[in-house]
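Quick note, the sequences are listed as chains A and B, same order.
Take the first sequence: its position 158, counting from 1, is numbered 158 in my numbering, and each next residue is one higher.
If you want my numbering, it's the 1-based position in the second sequence plus 291.
Everything labelled a hint here was simulated from the structure, so no lab data went into it.
Accuracy of the hints is not assured; some may be wrong.
Claimed, not checked - These stretches of chain A come out as covered by chain B in the derived footprint (C-beta under 8 Å, 3 or more residues): (1) 4-10; (2) 128-140; (3) 189-199; (4) 255-266.
What the hints assert, rightly or not - With a straight-line Cα cutoff of 30 Å, these simulated DSS-like cross-link-like pairs (lysine-lysine) come out: (5) K2(A) x K320(B); (6) K495(B) x K2(A); (7) K597(B) x K361(B); (8) K461(B) x K374(B); (9) K461(B) x K320(B); (10) K351(B) x K320(B); (11) K546(B) x K588(B); (12) K320(B) x K562(B); (13) K486(B) x K461(B); (14) K2(A) x K562(B); (15) K567(B) x K546(B); (16) K351(B) x K567(B); (17) K2(A) x K546(B); (18) K351(B) x K2(A); (19) K437(B) x K625(B).
Note that the Cβ used here is the ideal one computed from N, Cα and C, for glycine as well.
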Amino acid sequence: MKYLAQQAINALQLGSIYALIALGYSMVYGVLTMINFAHGDVFMLGAFFCLLLIAIVPVPFWLALIVVMGATALLGTLIERFAYRPLRNAPRVSAIITALGCGLVIQNTTLGISPYARPMPHLIDNATYQFAGITVTTLQIIIIGVSVALMLVLDFLISKTSFGMAMRAIASDRATVSLLGVPANQVIAVTFALGAALGGAAGLLYGMAYPVVSAAMGITVGWKAFVAAVIGGIGNMRGAVLGAFLLGGVEVMTVAVLPSTYRDLISYSLLLLILVFKPHGLLGKSTIHKA
Amino acid sequence: MRTLPVFTAILCSGAFFLTSCQPTKPSVKIGINAELTGEMPAVGASCKQAAELFAEQANKEGGLSVGATKLPIQLSVVDNSCKADQSAAAAQRLISQDGVLVMVGPDASSCAIPAGEIAEALGCLMISPWSTNPKTTVDSTSGKTKKNVFRACFTDRFESPVLAAFATKKLNAKTAAVLYDVSSEAPTSQSALFKEAFEKAGGKVVAMETYTTGDRDFSAQLTKIRETAPDIIYLPAPYNDTPLIAAQARQLGIKAPFLGSDAWSSPDIIKLDAGKNLEGSYFCNHYSTETPNPKAKQFIADYTAKYGNAPDDVAALTYDAMTLAADSIATAGKTDRAAVRDAMASTRSFDGVTGHFVYPEGAREPAKSAVIMQIKDGGFHWVSTIEP
Numbered sequence: 001m002k003y004l005a006q007q008a009i010n011a012l013q014l015g016s017i018y019a020l021i022a023l024g025y026s027m028v029y030g031v032l033t034m035i036n037f038a039h040g041d042v043f044m045l046g047a048f049f050c051l052l053l054i055a056i057v058p059v060p061f062w063l064a065l066i067v068v069m070g071a072t073a074l075l076g077t078l079i080e081r082f083a084y085r086p087l088r089n090a091p092r093v094s095a096i097i098t099a100l101g102c103g104l105v106i107q108n109t110t111l112g113i114s115p116y117a118r119p120m121p122h123l124i125d126n127a128t129y130q131f132a133g134i135t136v137t138t139l140q141i142i143i144i145g146v147s148v149a150l151m152l153v154l155d156f157l158i159s160k161t162s163f164g165m166a167m168r169a170i171a172s173d174r175a176t177v178s179l180l181g182v183p184a185n186q187v188i189a190v191t192f193a194l195g196a197a198l199g200g201a202a203g204l205l206y207g208m209a210y211p212v213v214s215a216a217m218g219i220t221v222g223w224k225a226f227v228a229a230v231i232g233g234i235g236n237m238r239g240a241v242l243g244a245f246l247l248g249g250v251e252v253m254t255v256a257v258l259p260s261t262y263r264d265l266i267s268y269s270l271l272l273l274i275l276v277f278k279p280h281g282l283l284g285k286s287t288i289h290k291a
Numbered sequence: 292m293r294t295l296p297v298f299t300a301i302l303c304s305g306a307f308f309l310t311s312c313q314p315t316k317p318s319v320k321i322g323i324n325a326e327l328t329g330e331m332p333a334v335g336a337s338c339k340q341a342a343e344l345f346a347e348q349a350n351k352e353g354g355l356s357v358g359a360t361k362l363p364i365q366l367s368v369v370d371n372s373c374k375a376d377q378s379a380a381a382a383q384r385l386i387s388q389d390g391v392l393v394m395v396g397p398d399a400s401s402c403a404i405p406a407g408e409i410a411e412a413l414g415c416l417m418i419s420p421w422s423t424n425p426k427t428t429v430d431s432t433s434g435k436t437k438k439n440v441f442r443a444c445f446t447d448r449f450e451s452p453v454l455a456a457f458a459t460k461k462l463n464a465k466t467a468a469v470l471y472d473v474s475s476e477a478p479t480s481q482s483a484l485f486k487e488a489f490e491k492a493g494g495k496v497v498a499m500e501t502y503t504t505g506d507r508d509f510s511a512q513l514t515k516i517r518e519t520a521p522d523i524i525y526l527p528a529p530y531n532d533t534p535l536i537a538a539q540a541r542q543l544g545i546k547a548p549f550l551g552s553d554a555w556s557s558p559d560i561i562k563l564d565a566g567k568n569l570e571g572s573y574f575c576n577h578y579s580t581e582t583p584n585p586k587a588k589q590f591i592a593d594y595t596a597k598y599g600n601a602p603d604d605v606a607a608l609t610y611d612a613m614t615l616a617a618d619s620i621a622t623a624g625k626t627d628r629a630a631v632r633d634a635m636a637s638t639r640s641f642d643g644v645t646g647h648f649v650y651p652e653g654a655r656e657p658a659k660s661a662v663i664m665q666i667k668d669g670g671f672h673w674v675s676t677i678e679p
């Protein structure tokens, strides 16, 4: 029982990070019906921005988080403005290629600047707590706590504010919405910024949890979070979170009870099975978008 | 529009004419197939630097003796990004396009194996400084030893039993857990050989857990390992993954020492281990900077003077590989690939920076000693030398 509880905490940590990234994918898909393949690399830059920041001026964790989120939000807006907006009405394939290209440009620029993996400096005092035979670290508590807090803030933003309403309106019908006086471009830009900020926060938390930062770290995690977003229902925020925790849970629990060599085989088979029965994802609906 | 194709044709033929117009000075071309980017750039950097040091030293003396003349060494360095397909492409380019006489590298086994296939197919001598996987010198289809691929280091068949013996005799370990990258050739074969050797030595492997390249979260596998309470944990992971795994293990409360393969040997491993979780752990290496060997001491002094940091095992082995290549070329007396290869195959003993090599008849790898190192006080410290 203790063993499973320990694994559950591991799953929560992994799931939280996947959730923050998955939200970015779903948000962008919701308003633009395109997959932002550069998102995994924005996540990677979150960790690198943190490294840069700490190297210039050592700041406490919460300040680093705010600065990094701001920096990645700015980056997200720039990517949207210069890479995606010109292709707003282009064929779907062109937008996908642009997104992939953007991601590769970010990855390789970072690789060119920093070809070596770098250690992430300590931002918090990591204490280990033992209770009932389970070990929990301050880091795990912070990661889960910050992720959940950010998710709740986003959920509030989307469901209870007028901005959130505009986002959901654009997700339903972009063309009509601008006729009704909603500044579509601004809302889309802010959506991108929010998604990127969450990705940046995930990057910082991930860098703290796995303190070896390299230019390629966004690839695998980015894809997994994308898979999680699709499982939960792409375009659906709550779905993204659900999918992410499900993916994290399945990954950890498969290792917990079966030989670890089968982890990816079983996790992804299970998730594919979900898609077979629910093609639009767990919380997706057959109408095109629903926030 | 007829002008565009005509214009392109003129441009292309002009470029072709210009490139073929370069005056070619006679030189000995040696190719370096290194992991300059990718998972282990420190390994590629060490390889390249050691090769450049060797070339510089040789060229200062006028070059390598080939027959009656002395020809300068011209290095051709290509990056394989630590990927199998790029490594094969790099080998192809070095051998077919650049026309190298000998190829030194790749270092990582996952890259050395495909490059070895190309070298064998094209008939060019390849000396891998650091690849310990037995498969590098064996033809994958026929199972026979390759003719053209040699190495400057010992193989996992020697290394894994050395580590297992150290664990059982010196560390008194009765149980061991193993955590390795199942999608990578080197750790997978090393783990299988370690398990075999450890159990032969009387120990018991209580956990055999895996992960995939690129994974960062090992908490699930480590929690499983924690349940089995092993005496030691065998961790044949490269230098940038090991600190992560160690950190997560210590965070989960695992106190057992770690045992590593020669993949740990880059000093970057200490730089990346901010939490000092590897303190007190051991690994097997090809040489120690604390060696009393005078040839090695000279090399260490020269390398440090040129690059500012002490050479790691990859650098030392590359230097030895270059020396072996140069000696083979001198013995052959001509810039002919087959002759150079035969000269290498006829080498029986060699004294290098990393110790005394003995190449038995028909063998592609030398019998030489290994060292056990300990990570302590922010550095590598020699613990013992094991003779073949």
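Each hint tested on the structure:
no.	hint	result
1	4-10	holds (count 3)
2	128-140	holds (count 5)
3	189-199	violated (count 0)
4	255-266	holds (count 7)
5	K2(A) x K320(B)	violated (62 Å)
6	K495(B) x K2(A)	holds (25 Å)
7	K597(B) x K361(B)	holds (25 Å)
8	K461(B) x K374(B)	violated (37 Å)
9	K461(B) x K320(B)	violated (46 Å)
10	K351(B) x K320(B)	holds (16 Å)
11	K546(B) x K588(B)	violated (36 Å)
12	K320(B) x K562(B)	violated (36 Å)
13	K486(B) x K461(B)	holds (17 Å)
14	K2(A) x K562(B)	violated (35 Å)
15	K567(B) x K546(B)	holds (13 Å)
16	K351(B) x K567(B)	violated (43 Å)
17	K2(A) x K546(B)	holds (19 Å)
18	K351(B) x K2(A)	violated (67 Å)
19	K437(B) x K625(B)	holds (23 Å)
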